[in-house]
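Chemist: Listed below are the residues making up each chain.
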Amino acid sequence: MDPILNPFSSGTRLRDMIRAIRACKTAAEERAAIRKECAAIRASINENDPDYRHRNLAKLMFIHMLGYPTHFGQMECLKCIASPGFPEKRIGYLGLMLLLDERQEVLMLVTNSLKQDLNHTNQYIVGLALCALGNICSAEMARDLAPEVERLLQFRDPNIRKKAALCSIRIIKKVPDLAENFVKPATALLKEKHHGVLITAVQLCADLCKVSREALEHIRKKCTEGLVRTLKDLANSSYSPEYDVSGITDPFLHIRLLKLLRLLGEGDADASDSMNDILAQVGTKTESNKVAANAILYECVQTIMSIEGNGGLRVLAIGILGKFLSNRDNNIRYVALNMLMKAVTADPQAVLRYRATILECVKDADASIRKRALELVYVLVNESNVKPLTTELVSYLETCDQDFKGDLTAKICAIVSKFSPEKIWYIDQMIKVLLEAGNFVKDEVWRALIVVISNASELHGYAVRALYKAFQNHNVITLTSIFYQEAFTRVAIWCIGEYGDLLINNVGMLDLEDRITVTESDAVDLIEITIQCHALDFTTKAMALVALLKLSSRFPSCSERIREIIVKYKGNFVLELQQRSIEFNSIIARHQNIRSMLVERMPVLDEATFIGRQAGSLPDAGSISAGSSVSLPNGVAKPADSLVDLLDLNSNDAPAPSSSGGDFLQDLLGVDLSPAAQSGANQTSKSGTDALLDLLSVGSVSRPVESPSAQSNSSAIDILSASKSEKASVSPLDDLSSLSLSSRTTSITGAAPMMDLLDGFASTPPKSENNGTVYPSITAFESSSLQLTFNFSKQPGNSQTTNIQATFINLSSDEYTDFIFQAAVPKFLQLQLDPASGSTLPANGNGSITQNFRVTNSQNGKKSLVMRIRITYKINGKEKLEEGQISNFPRDL
Amino acid sequence: MIHFVLLISRQGKVRLTKWYSPYSQKERSKVIRELSSEILSRGPKLCNFVEWRGFKVVYKRYASLYFCICSDQDDNELETLSIIHHYVETLDRYFGSVCELDLIFNFHKAYFILDEILLAGEMQETSKRTTLRLIAAQEELLEAAKEEASSLSSIIAQATK
Numbered sequence: 084m085d086p087i088l089n090p091f092s093s094g095t096r097l098r099d100m101i102r103a104i105r106a107c108k109t110a111a112e113e114r115a116a117i118r119k120e121c122a123a124i125r126a127s128i129n130e131n132d133p134d135y136r137h138r139n140l141a142k143l144m145f146i147h148m149l150g151y152p153t154h155f156g157q158m159e160c161l162k163c164i165a166s167p168g169f170p171e172k173r174i175g176y177l178g179l180m181l182l183l184d185e186r187q188e189v190l191m192l193v194t195n196s197l198k199q200d201l202n203h204t205n206q207y208i209v210g211l212a213l214c215a216l217g218n219i220c221s222a223e224m225a226r227d228l229a230p231e232v233e234r235l236l237q238f239r240d241p242n243i244r245k246k247a248a249l250c251s252i253r254i255i256k257k258v259p260d261l262a263e264n265f266v267k268p269a270t271a272l273l274k275e276k277h278h279g280v281l282i283t284a285v286q287l288c289a290d291l292c293k294v295s296r297e298a299l300e301h302i303r304k305k306c307t308e309g310l311v312r313t314l315k316d317l318a319n320s321s322y323s324p325e326y327d328v329s330g331i332t333d334p335f336l337h338i339r340l341l342k343l344l345r346l347l348g349e350g351d352a353d354a355s356d357s358m359n360d361i362l363a364q365v366g367t368k369t370e371s372n373k374v375a376a377n378a379i380l381y382e383c384v385q386t387i388m389s390i391e392g393n394g395g396l397r398v399l400a401i402g403i404l405g406k407f408l409s410n411r412d413n414n415i416r417y418v419a420l421n422m423l424m425k426a427v428t429a430d431p432q433a434v435l436r437y438r439a440t441i442l443e444c445v446k447d448a449d450a451s452i453r454k455r456a457l458e459l460v461y462v463l464v465n466e467s468n469v470k471p472l473t474t475e476l477v478s479y480l481e482t483c484d485q486d487f488k489g490d491l492t493a494k495i496c497a498i499v500s501k502f503s504p505e506k507i508w509y510i511d512q513m514i515k516v517l518l519e520a521g522n523f524v525k526d527e528v529w530r531a532l533i534v535v536i537s538n539a540s541e542l543h544g545y546a547v548r549a550l551y552k553a554f555q556n557h558n559v560i561t562l563t564s565i566f567y568q569e570a571f572t573r574v575a576i577w578c579i580g581e582y583g584d585l586l587i588n589n590v591g592m593l594d595l596e597d598r599i600t601v602t603e604s605d606a607v608d609l610i611e612i613t614i615q616c617h618a619l620d621f622t623t624k625a626m627a628l629v630a631l632l633k634l635s636s637r638f639p640s641c642s643e644r645i646r647e648i649i650v651k652y653k654g655n656f657v658l659e660l661q662q663r664s665i666e667f668n669s670i671i672a673r674h675q676n677i678r679s680m681l682v683e684r685m686p687v688l689d690e691a692t693f694i695g696r697q698a699g700s701l702p703d704a705g706s707i708s709a710g711s712s713v714s715l716p717n718g719v720a721k722p723a724d725s726l727v728d729l730l731d732l733n734s735n736d737a738p739a740p741s742s743s744g745g746d747f748l749q750d751l752l753g754v755d756l757s758p759a760a761q762s763g764a765n766q767t768s769k770s771g772t773d774a775l776l777d778l779l780s781v782g783s784v785s786r787p788v789e790s791p792s793a794q795s796n797s798s799a800i801d802i803l804s805a806s807k808s809e810k811a812s813v814s815p816l817d818d819l820s821s822l823s824l825s826s827r828t829t830s831i832t833g834a835a836p837m838m839d840l841l842d843g844f845a846s847t848p849p850k851s852e853n854n855g856t857v858y859p860s861i862t863a864f865e866s867s868s869l870q871l872t873f874n875f876s877k878q879p880g881n882s883q884t885t886n887i888q889a890t891f892i893n894l895s896s897d898e899y900t901d902f903i904f905q906a907a908v909p910k911f912l913q914l915q916l917d918p919a920s921g922s923t924l925p926a927n928g929n930g931s932i933t934q935n936f937r938v939t940n941s942q943n944g945k946k947s948l949v950m951r952i953r954i955t956y957k958i959n960g961k962e963k964l965e966e967g968q969i970s971n972f973p974r975d976l
Numbered sequence: 010m011i012h013f014v015l016l017i018s019r020q021g022k023v024r025l026t027k028w029y030s031p032y033s034q035k036e037r038s039k040v041i042r043e044l045s046s047e048i049l050s051r052g053p054k055l056c057n058f059v060e061w062r063g064f065k066v067v068y069k070r071y072a073s074l075y076f077c078i079c080s081d082q083d084d085n086e087l088e089t090l091s092i093i094h095h096y097v098e099t100l101d102r103y104f105g106s107v108c109e110l111d112l113i114f115n116f117h118k119a120y121f122i123l124d125e126i127l128l129a130g131e132m133q134e135t136s137k138r139t140t141l142r143l144i145a146a147q148e149e150l151l152e153a154a155k156e157e158a159s160s161l162s163s164i165i166a167q168a169t170k
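Protein chains in written order, with this note's numbering: chain A, 84 to 976; chain B, 10 to 170.
Among these hints, one or two may not hold up.
[To be verified] PhoX-like cross-link-like pairs, simulated, lysine-lysine; straight-line CA separation at most 25 Å:
| id | chain 1 | residue 1 | chain 2 | residue 2 |
| --- | --- | --- | --- | --- |
| 1 | A | LYS515 | A | LYS525 |
| 2 | B | LYS54 | A | LYS108 |
| 3 | A | LYS446 | B | LYS69 |
| 4 | B | LYS39 | A | LYS454 |
| 5 | B | LYS39 | B | LYS22 |
| 6 | A | LYS454 | B | LYS27 |
| 7 | A | LYS488 | B | LYS54 |
| 8 | A | LYS293 | A | LYS274 |
| 9 | B | LYS27 | B | LYS69 |
| 10 | A | LYS494 | A | LYS454 |
| 11 | A | LYS373 | B | LYS69 |
| 12 | B | LYS69 | A | LYS406 |
Treat the hints as calculated values from the structure; they're not laboratory data.
The shape of chain B in the complex, shown without the other chains (with noise of 0.2 Å):
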């Protein structure tokens, strides 16, 4: 099982934090310090894997940012690489080869597909392209909430007028 995912950027900024085990705000922020200190430090060549507290500890490099997770010990790693790999593709796709800055702006939406990735720890979806669908589908909804919001508080403006 995954017990969280971080982004981290290469100053040590964090970028994305989810827990599917129960973190307390306070053990959060030091599991932050300590997994960024480690990770960072840590020589291009080396293996992407880092034993903590008991835990594996996956991280891989893309540009500026290291995605991490933080899984059981008896977890398969390679996979847990794969996975970080499928969200950075479904990433890509989604934003158009995807950079730092747009995870910094549209954090919101990484979540978001993060949540259509995985969930309770656990691969949920492997397929990009529903993935990509599903998130689609959620933004119709959005952009008709707001169409009907705009429509509706033109109407208030006429009627006042």
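Chain A on its own, in the form it takes in the complex (with noise of 0.2 Å):
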């Protein structure tokens, strides 16, 4: 039958309508002839006749569940609404609850037709518009509309009083202010025989229990005997086929009062003891053998478990959670792990009598079921346990899906992580789930396992063979094979580099272990290996580098050859590993002397520190780790990041990680290089996260040194087309500020110095030359605790540009350390910072920071310069920021 009332009306029907796009054979002829449809149905609306509304809404509503859009079609839902007939009233409401959601603002001109038809003389009319309120009503609606519901919970008709119960849910859920003026009309339907309005008086009372907790009181101390009363008498009831499920009658009765007497027995051990009769009843005399039975049973065990504790029952309880669980339907499998999961808190005990069931279970075909089995294993694990069953999840993970094994192998290392008896078993644990998967750990993991061996100085030895011989019998990485793991040939390499001479002379043999003979070049041969995979990623190979500096150093006889390997890579299109070649090359090749100081063992990294942080950092874990795979097309972005990670490593008491080369060095070396380098590395470990506020605050900030990955960038300009990505850089900046950044230029500048700093260890920063007119100084600031002041030269034949030397001055009786300067210039003025001095102002005047930069001011003549600055410095770790504005400058700078 179709929604058509009016026989003469023309146009297509739906039946038609839905025969047509059937009969599409491809997408596009489907949108084609669905275009056609709206168009028409759009015409059709537009000449507003009644007439068509209802089959308009029809055809509308099947064109959206096919994923079209029709808003269009909203107000005529309203208009059906609107209109007396009841044909109209249904399909307009169930148009209102397809197309329109409760956030629209359409819904809010329906409150008024609701509020008209609640109040219908036609039942069915008013059943309607509670069911379109049920289903949609926003908190507005509910508070308008709550009256009216609340008096046809008492109607004559009961499918019109178990259609306002529910209603009532919705409204009290919406707007939970409003649960007071229900307790009373729903506790009174508690006591109805119609099952549909028992039941929803059932789910009202319980969602009454949730959002009140007078309610709750109220219904405890009244209505629990009622309830027991209520489920006894349904349990006992003889057949009646109107209501029969597989020979249970009502078994959504059954639990909905299940599930109330849970909420009331929670917490109170009256209410509980009340009901223990019947929950035992029930628990013994369902048969289990079909869905229906089961959900009951399932239910039932659910209460027991909450309710104040009956050892009794909790024993019957377990015992319906064992039977479930070799039942071999998955269905009821995947709820016993389930309910085992809530009962390990009540009787870990009773639970871990299932405990081999439980890893079949984490075996099994079915992936939800997997999930649910590994996660109850990971809650049943304890000191006692953790070894059997890690070996039995690792031994798993050769043989499980691959879709799985990111889940088993976090479970696995959260778990050897917590519980791990001995340092050597879990380095042990974690090389073979290393090898096995490591693809799928995260990085934190890896990067664990390096802090704890480089803690296990007795294992040093140990760790470093034991990774040696995994490599080299799981063939990691050979050149032709693509099976790799890059975690493992991490930490692998990481130890190598470390401990590359405990590895040679067996070290620190432990008794277990059998004596390895490897030779020098079999260990450089190793490295070399890795760094020639390309499938592994550049972060590894960067790390592979770092391993061969320090091999350089322990092995000397094979210094040249590393070398020689090291070199090779002076030209790879990824700037960091280009960059560590160079730089490598250079202190193998030219500082032998400091070399052995330079890559001497690291310090033991702090675990609490390491742990501490990755608390801090862990909702960024899946993006770092997902970092593995970097397209670099100027190798900026995305490099950075990892680098951080690894620098996090090598440097756990620097600053802040940065990832210039030069920065790299230092944190690696521990060696302070020059106070040049280091205010420049402060300021740019800052900039990342700063630089949006400080640009949004300050308007542009110039800084002496720019960020690393930028710098070393533009000393690669001519290999990659950096230059675009220096440009998108500052556009957003310019952007953001009405003012003009200037610190594009500096990254030549800032390059300089790091060369001096390898070559000599001397940094001379530019001195300005002193020329022309001579402009007297100005005090540009001054507060209680610091001075600065400006000297001032132009450069000869460029009138636009001031050479500018600030010095600082410390007033107070403090030092100040991490001392940085700011400074921002509005458009017209062009800014170039050179590093300070130093970053350390003695306390008392005692000493003073110079700095110089170049001001260019394209007004010249017409407007004077102009500057906001912006200082930061710490006293005794302790944050300090002065700003200023600057505008006593000579006038005609």
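Relying on the hints, combine the two individually framed chains into one complex.
Modeler: Given below as structure tokens:
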């Protein structure tokens, strides 16, 4: 039967439209047919013919279901609802529920119609309105219409009462304040015999208990007994065909009653006591071979587990779960695992009895069951059973599905790190996991392993030998095979770099170890193979370069060979590798005297700091670990990310990680190279996160040294089209502030001192040339703690550019550290800052920091200089910030 | 609480969607896409539950149609499965051995029946007989309105003859 009322109406009928759409052979055809139909419907809507409204709406709903936009039909819904006839209202409300959701403004327009319909004389129209209200009402509508619904809870027809009860659930969920109005009528409904009303009343009471403490107390006091009796009657009732589901009378009502009893029994011994008998009866008498019966048993077990303890009942419940667990139906096993998870807090010993079965479930073919079981295993693990359980899980790792490995490794790693009884066992297990599923572990995992190895000084030799052996035995990397494990490789090369000497000499052999013979060149071979493997990402290769550098000092005889390997990367497309290659090459070739000092063994990494940091950065973990496959158009964004990770590891106590090669060295070596670089490093490390903030608050900020990645970029402009990326990074900044940013050109100057550092350990910040007119110095800024003076000089032949030397003097009695000066200028000026002479400012004016910069005034003669400054420093580790504007520059600069 | 009900054909075509929690139209199509690919790809012997975005989706296949209900994590999955079965049996009684075509051409009726069984994401009526009685009563109203309209138009037609 078609939803067509007027036999004279023309146009396609709903049935014909559906047929036409179904006849379409391609998606394009379907789209065309629907477009045509939609056009016809729009036209018909514009004619505003009430006869077609009904049919148009039905068509629109079908079109909507196919996923096409139908917003233009929303108003038609409202018109249908407003029309007097039942058929229009019925389709109108259906359309309302389907085409709109509660967040749409249009919905507000319907409140009035709903109110009228809730008071309609036709009970079916009242039913339609209740249904719509219950399914989509918003908080405002709930407030407006709650009195009507409350009244309808006492309506003469039970079918309206049940709808009103469910509608009330929606209302109290949207507006919990209204709950108290519903408590009385809801409890009154609990006495009804009509199942529909009863089940809805039970649900309403359950929701009232959830939103309101008073309601819970009231219902617990007044209704518990009655509910127990109702459940008893239901459980003992004779066969009634109307409600029978495979031999059980109304399992739905059973379940809802059990659920409500659970809420009432939780935390209340008396209430729990009063329901013991009926729970025992339901738990024992229900035959469990049908879904409905199992659903009741399942609910019953949940209730038993939640209410106040009764030993006998608990035993019964665990027994039921045991039976479930051995059931062959996957659904039943799934819910058993689900339930055991909850039971584990109440009675871990009882759950542990099913350990073997649960472990079997971890290997199930069904992903949902595996996941549940794994979670359960995870909560079951304790110090005493960690070893056998882990062994089981690790051995399963070899055979399990690829897509399950991620979850499984995550859980194994968590278990191992949480419960490992000794470090050697931890190291062994982690090596196994990394070998089996290294590509599935998060970055923290292998980093944590390195931290643990570094901390276990007596196991350094053992770890490096174990890793070496594993590497060899598993062919982790061969040039031809694609089987590789990134995370494992990283740990292995890090350890070989650090502890290469222990590997060769079999130092610190444990009794359980077999003696192995590894020559120096074997170790270098291994790293050479790694670095040549194309499949490995560049972070691993960067680590390999560091390892080689370290080995060059540990194995002097291989030094020349290592240098040759390193030198191959000086033209690498990845800037990070290129930079490391050049720097390391220069260290090996020219700085023999300091090399051994540079590559001394890493200080022990602090576990506590690492764990703390991990906790702090946990949300990022996912994104970081995703950085393993990087595409590198110009080597900026992602590499920096993973390098920061890398550095995190290598320099746990450095002020902050930064990814420039120079800083890396500095961190790595723990040598304070030069104050100039130091201040640069400090500032850059900040720049990443704070740049935007700075920009927004100060206008634009100019930094002495550009951020490291961009720095290496500009040095490689020829190789890569890095100029593009530079430009891209400038423009958003310009947009952000009305002031111009002038730090771009500094990259070259930033790079220059770095080369100096490596060559002679002497930093000579470019001297400003004093020439031309002499301008008086000014005191640009003075506070109670700090004085800043500017000395000016002009560049010869360039009247627009002024060289300024800033001198900072500390007026307080505390030393300032991490001193950073930043400046910003309006658009007509350009600013270039050189590195400062230091980052520490001694107390009481006993010394100063100087910093040179150049300002180019494009409107020289018309406008005078103006500048905003921002100075940050630390007093005894406490951050201080000073800001100010300088406008007392000599006029003609 | 039930958050939504979906009927998806084996080819991934949507046959019915009912939302009890607010999802914008955009989210709805995303949810449907995600879930249909997840559920349709599951093997026949696996359990009927899928954990999804912190909810549980219970699904069951009847012939070419997948009936899916998304409910809260702590809801009784086996009961949800029974609700699906209850709905299917009601449809079956109404249409008389229901098939997918019935639900395509009479999709609105599938909605009306669902609205008599579930409301606000909760169970409304556990008796199939009552549900069908209510549907029949409303269809009578429909017929009455139709007759009235046609008699009215025949009067008009006669008057203008």
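Chemist: The structure should be examined with respect to each hint, and the outcome stated for every one.
Modeler: For each hint, the structure was consulted:
no. : hint                : verdict
1   : A:LYS515 x A:LYS525 : holds (15 Å)
2   : B:LYS54 x A:LYS108  : violated (33 Å)
3   : A:LYS446 x B:LYS69  : holds (24 Å)
4   : B:LYS39 x A:LYS454  : holds (24 Å)
5   : B:LYS39 x B:LYS22   : holds (14 Å)
6   : A:LYS454 x B:LYS27  : violated (28 Å)
7   : A:LYS488 x B:LYS54  : holds (22 Å)
8   : A:LYS293 x A:LYS274 : holds (21 Å)
9   : B:LYS27 x B:LYS69   : holds (16 Å)
10  : A:LYS494 x A:LYS454 : holds (11 Å)
11  : A:LYS373 x B:LYS69  : holds (15 Å)
12  : B:LYS69 x A:LYS406  : holds (24 Å)
This entry does not satisfy hints 2, 6, going by the numbered hints stated previously.
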